[in-house]
Amino acid sequence: MLAMNYRGPFRVRVDEKPRPKIEHPEDAIVKVLRSCICGSDLHIYHGMVPDTRVGTTFGHEFVGVVEEIGSEVTKLKVGDKVIVPFNISCGKCAFCKQELYGNCHESNSQATAVGGIFGYSHTAGGFDGGQAEYARVPYANVGPTIIPDGMDLDDAVLLTDVVPTGYQAAEMGGIKLGDTVVVFGAGPIGIMAAKCAWLFGAGRVIVIDNLDYRLEFAKNYSQCEAYNYEEIGDPVEFIKKTTDWLGADVCIDAVGCEAGGHGMQTITGRKLMMQAGSATALQWAINGVKKGGIVSIVGVYGPTGNLVPIGNVVNKGITIRANQAAVKRLLPRLIEHVQAGRLNPKGLITHRVPLESVAEAYRIFSEHLDNCIKTVLIPPSVRT
Amino acid sequence: METLKSEYSHIKGWGIDNVSDDEPNYPIKTYTGDDHDRIRWKRPTLQRETVEILKSTERPTNSAVIGTTNPPRGLSGMIRRYAFKHSENEFKHWLPLLFADRIDVVEGIIEDLVHLKVPRLIKERGWYALAKHAPGLLARKIGVRLAVLVVGVGSLKLARR
Chain A
11 MLAMNYRGPF RVRVDEKPRP KIEHPEDAIV KVLRSCICGS DLHIYHGMVP DTRVGTTFGH
71 EFVGVVEEIG SEVTKLKVGD KVIVPFNISC GKCAFCKQEL YGNCHESNSQ ATAVGGIFGY
131 SHTAGGFDGG QAEYARVPYA NVGPTIIPDG MDLDDAVLLT DVVPTGYQAA EMGGIKLGDT
191 VVVFGAGPIG IMAAKCAWLF GAGRVIVIDN LDYRLEFAKN YSQCEAYNYE EIGDPVEFIK
251 KTTDWLGADV CIDAVGCEAG GHGMQTITGR KLMMQAGSAT ALQWAINGVK KGGIVSIVGV
311 YGPTGNLVPI GNVVNKGITI RANQAAVKRL LPRLIEHVQA GRLNPKGLIT HRVPLESVAE
371 AYRIFSEHLD NCIKTVLIPP SVRT
Chain B
4 METLKSEYSH IKGWGIDNVS DDEPNYPIKT YTGDDHDRIR WKRPTLQRET VEILKSTERP
64 TNSAVIGTTN PPRGLSGMIR RYAFKHSENE FKHWLPLLFA DRIDVVEGII EDLVHLKVPR
124 LIKERGWYAL AKHAPGLLAR KIGVRLAVLV VGVGSLKLAR R
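First to last, the sequence lines map onto chains A and B. Heads up: the first sequence begins at 11 in this note's numbering, then just goes up one per residue. Heads up: the second sequence begins at 4 in this note's numbering, then just goes up one per residue.
Note that these hints are calculated values from the structure, not bench results. By construction, the Cβ of each residue, glycine as well, lies at the ideal position given by its N, Cα and C atoms. Any given hint could be a false lead.
As the list claims (entries may be wrong) - When the alpha-carbon atoms are kept at most 35 Å apart in a straight line, the in silico DSBU-like pairs for lysine-lysine are as follows:
| no. | chain 1 | residue 1 | chain 2 | residue 2 |
| --- | --- | --- | --- | --- |
| 1 | A | LYS251 | A | LYS281 |
| 2 | A | LYS102 | A | LYS27 |
| 3 | A | LYS31 | A | LYS85 |
| 4 | B | LYS58 | B | LYS15 |
| 5 | A | LYS251 | A | LYS107 |
| 6 | A | LYS326 | B | LYS58 |
| 7 | A | LYS102 | B | LYS135 |
| 8 | A | LYS229 | A | LYS107 |
| 9 | A | LYS27 | B | LYS32 |
| 10 | A | LYS102 | A | LYS229 |
| 11 | B | LYS144 | A | LYS301 |
| 12 | A | LYS107 | A | LYS41 |
| 13 | B | LYS45 | A | LYS356 |
| 14 | B | LYS8 | A | LYS281 |
| 15 | A | LYS31 | B | LYS120 |
| 16 | A | LYS326 | A | LYS356 |
| 17 | A | LYS107 | B | LYS144 |
| 18 | B | LYS15 | A | LYS27 |
| 19 | A | LYS41 | A | LYS31 |
| 20 | A | LYS251 | B | LYS8 |
| 21 | A | LYS87 | A | LYS186 |
| 22 | A | LYS102 | A | LYS87 |
| 23 | A | LYS301 | A | LYS326 |
| 24 | A | LYS107 | A | LYS281 |
| 25 | A | LYS229 | B | LYS88 |
| 26 | A | LYS102 | B | LYS32 |
| 27 | A | LYS356 | B | LYS32 |
| 28 | A | LYS326 | A | LYS186 |
| 29 | B | LYS58 | A | LYS87 |
| 30 | B | LYS160 | A | LYS356 |
| 31 | A | LYS281 | B | LYS144 |
| 32 | A | LYS91 | B | LYS88 |
| 33 | A | LYS186 | A | LYS281 |
| 34 | A | LYS85 | A | LYS356 |
| 35 | A | LYS87 | A | LYS31 |
| 36 | A | LYS41 | B | LYS160 |
| 37 | A | LYS41 | B | LYS135 |
Claimed, not checked - Ranges between beta-carbon positions, derived for each pair:
| no. | chain 1 | residue 1 | chain 2 | residue 2 | range |
| --- | --- | --- | --- | --- | --- |
| 38 | A | ASN354 | B | ASP40 | 27 to 37 Å |
| 39 | A | LYS251 | B | ILE19 | 47 to 57 Å |
| 40 | B | TYR34 | A | PRO364 | 42 to 52 Å |
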C-alpha cells in the first residue's frame, strides 16, 4: 500500500509499505478514505518530538471503511464507515472509565504522560497513522464511531481532532455568559475554539495571530474579532486595554510549542531547543487573563519543560485546564452540532491533495503558503 | 440570558452549551473514583510482543496494545535503549532520544542507499511547492545552504594551510 514515510526533519515521501495486519483481537484494519495534516503534525515534521523514528507514517486525523476485524471486535463490522478518534483508548482503564480518553493507560508503553496517538512518534506509542491507504486501528470497540448517514466525509474527518479539540478548548475555559475569550493562534484549532466559544455563551471572542490571511479567515468563519500581534504592540497590554484593564475572562492557548512573537522564547525554545518549544502563547495567556481567570491549553508542547511565568499563575489565582481532547466523549454532541448546522467543519478545508503529493502538502502547510488553513489528503484508491 | 440571546442571534447556536454551574469542569467532570482502585482494572487481552518494545520505567508492564512499527535499530537503537533506562522525569531520557532521532536520519539515508534507492531530497523536502508558491523563500534557503557550504569549505582550506 502507499503510505507517507517520515525520513527526517522537513523530509517526507510516499512509499510502498506492507499493509497493516491484525495484531490484537480488538484491532480493525481500516481503508482510509480521507486523512488530514494537523498543525501538531508539524511538530513531528520539524523533528521537535523525541523518539520520532524514520519510517513512521504520520496522520492522526482520518476516516475510513472497515476492511477487517479482530476476533474480539463486536461493535463494528466489515464495510462500516468510521470516524477514528486521534487517541487510542481501551475503555477499561481507570482513566477511560472517567472519559479521559486522551489519557488511556493501556495504549502506550513508552510514555506514561500521554496515551497512544496514531502516527505521532514512539513517545505516543509507536503506531502508524492514517496518511496511508490502510491503517491498523486498535481497540476498535471503543474509539471508532460510525459516520452517520448523509454526513459528508470532509465533515467527518474533521471530527477526529480539529472540532473536538477546539470544542474542548472552549469547554475547559468554563465560559460564563458574556465572558471575553481570547484565543491565541488562528490555525484550524484556534479558529474552531473561537467558533465554539460562542456555543458556550461568550460575549466577546478575540483571536490573535500574526498571519493576516488566517486572521481574515478566522474573522469570517468564527464571527469574531481578529488582531495581528505584530500590529497591536504588546499583546498582553492590548488585551488589558480592550478589557477595561482587567484582562480576559478566559485565554486559550491554541498554538503550542512553535509560537513566534517573543525573541527569547523563540531562541531558547525553537532554535536552541533548550526548552520544549517556545511557550510564547502560554506566556501571553497567563499574563493576559484576569485575576481568577481560566487558561485553557490545547497547544502541544514537548515532554521536557518550558519557561512560563508560573509566579503570575499563583499571584493571580489562575486556573489552568489542559488535556488532549477526549474525542469519543465529545463526538455525540459534536455530531448533533454539525447536523444542526451550528458547526461547519469542512468550511476549514482549503486544500485537497493526492496522498502522493504529501511532501509538497507538508511544505505548503508548514510555510503557510497559498493561504493554507487545512489540508486533506486523498488516497489514490478513493479517487478512482 | 434571553436578552443576550437576542443580542447574539446572528450566531447560530449561541449559548446552547452553556451550563451556568459548570463545575467541576473537565477533566474531573465525570469522576468515578475508579483510579482509587489503582491499576487493578480488568485488563484487555494482552498483545504479544513480536518486536522489541522500549518500555517506560514509570510503568510495570507493557500496555495491553503496543505499536510495533519501526523497532529500535543500529546505533540510534542503542542510544534509545540507553534513554529508556531513565525515567520520563529525566533529561537523560529525552535528550538521548532527540539525539537518536538525528542519528536515525543518517541511518535512513544509508538504508536507502543499501537498497539502491537514492533519496530525492528536493522532492522529499517539498521544494517543488516552494518553487511554485514562494520562489523567493526557496532562493533564500538555497542561498543560506550555499553560504554555509562556502564558509565550511573555506574554513577547511584555511585549516589545512
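Here's how the hints hold up against the structure:
no., hint, result
1, LYS251(A) x LYS281(A), "holds, 32 Å"
2, LYS102(A) x LYS27(A), "holds, 32 Å"
3, LYS31(A) x LYS85(A), "holds, 19 Å"
4, LYS58(B) x LYS15(B), "violated, 48 Å"
5, LYS251(A) x LYS107(A), "violated, 44 Å"
6, LYS326(A) x LYS58(B), "violated, 40 Å"
7, LYS102(A) x LYS135(B), "violated, 50 Å"
8, LYS229(A) x LYS107(A), "violated, 38 Å"
9, LYS27(A) x LYS32(B), "violated, 42 Å"
10, LYS102(A) x LYS229(A), "violated, 42 Å"
11, LYS144(B) x LYS301(A), "violated, 45 Å"
12, LYS107(A) x LYS41(A), "holds, 29 Å"
13, LYS45(B) x LYS356(A), "violated, 39 Å"
14, LYS8(B) x LYS281(A), "violated, 47 Å"
15, LYS31(A) x LYS120(B), "holds, 26 Å"
16, LYS326(A) x LYS356(A), "violated, 39 Å"
17, LYS107(A) x LYS144(B), "violated, 50 Å"
18, LYS15(B) x LYS27(A), "violated, 45 Å"
19, LYS41(A) x LYS31(A), "holds, 12 Å"
20, LYS251(A) x LYS8(B), "holds, 26 Å"
21, LYS87(A) x LYS186(A), "violated, 42 Å"
22, LYS102(A) x LYS87(A), "holds, 21 Å"
23, LYS301(A) x LYS326(A), "holds, 5 Å"
24, LYS107(A) x LYS281(A), "violated, 40 Å"
25, LYS229(A) x LYS88(B), "violated, 49 Å"
26, LYS102(A) x LYS32(B), "holds, 18 Å"
27, LYS356(A) x LYS32(B), "holds, 29 Å"
28, LYS326(A) x LYS186(A), "holds, 19 Å"
29, LYS58(B) x LYS87(A), "holds, 33 Å"
30, LYS160(B) x LYS356(A), "violated, 57 Å"
31, LYS281(A) x LYS144(B), "holds, 16 Å"
32, LYS91(A) x LYS88(B), "violated, 42 Å"
33, LYS186(A) x LYS281(A), "violated, 39 Å"
34, LYS85(A) x LYS356(A), "holds, 27 Å"
35, LYS87(A) x LYS31(A), "holds, 16 Å"
36, LYS41(A) x LYS160(B), "violated, 55 Å"
37, LYS41(A) x LYS135(B), "holds, 32 Å"
38, ASN354(A) x ASP40(B): 27 to 37 Å, "violated, 42 Å"
39, LYS251(A) x ILE19(B): 47 to 57 Å, "violated, 31 Å"
40, TYR34(B) x PRO364(A): 42 to 52 Å, "holds, 46 Å"
Comparing the model with each earlier hint shows violations of hints 4, 5, 6, 7, 8, 9, 10, 11, 13, 14, 16, 17, 18, 21, 24, 25, 30, 32, 33, 36, 38, 39; every other hint is respected.
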